[in-house]
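*Asks:* Sequence:
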Amino acid sequence: MAIESLNGDIVDNNGSDKAAVEAYGGEVGLRAANGTIGTVDFSNSPNTGQVFEIDAREVAALSGGDVNIVDLDTNGPGAPDGLIVDSVARPKQSGNITGVQAVNDICIDVVNGDLVVDEDIENGQGSAAVN
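For the sequence shown, our numbering puts the final residue at 164, and the numbers step up evenly by one.
I should point out that these hints are in silico values taken from the structure, not numbers from a laboratory. Careful: at least some of the hints might be erroneous.
[Stated by the list, open to error] Dumping the calculated DMTMM-like pairs for lysine to aspartate or glutamate here, alpha-carbon to alpha-carbon at most 20 angstroms:
hint	residue 1	residue 2
1	51	114
2	125	37
3	51	119
4	125	60
Every value quoted in this text rests on a predicted model; they were computed, and no experiment measured them.
Please model the entire structure based on the sequences and the hints provided.
*Replies:* Okay, structure coming up:
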């Protein structure tokens, strides 16, 4: 599954602990070339905004701003826990989204299981936090 925004953010407005995208045992590709994925501002105390919650086995993301992803990891019956940073096809466009790339900050949190990094996680001028 791929979600793309050409000129804005990809946001999760359905509240905490509810996946905005469920791809049990599958892959999620997120691309916001001129925006952010999730809207968390960690410079405020307390933090403001909302992370982008998914439930998937594999993820790839590209952002012109920040990437803030939490894998809730319920993964449905029989699906394995954990999250793999990988390459995900763009069904409506040619090419793939590969790894996790952002101009600014990257935050990836996996609730259950391991985070496996099979592709690069890279940012231009921010920080990266993975759990």
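*Asks:* Which hints from the list above does the structure break, by number from lowest to highest?
*Replies:* 3
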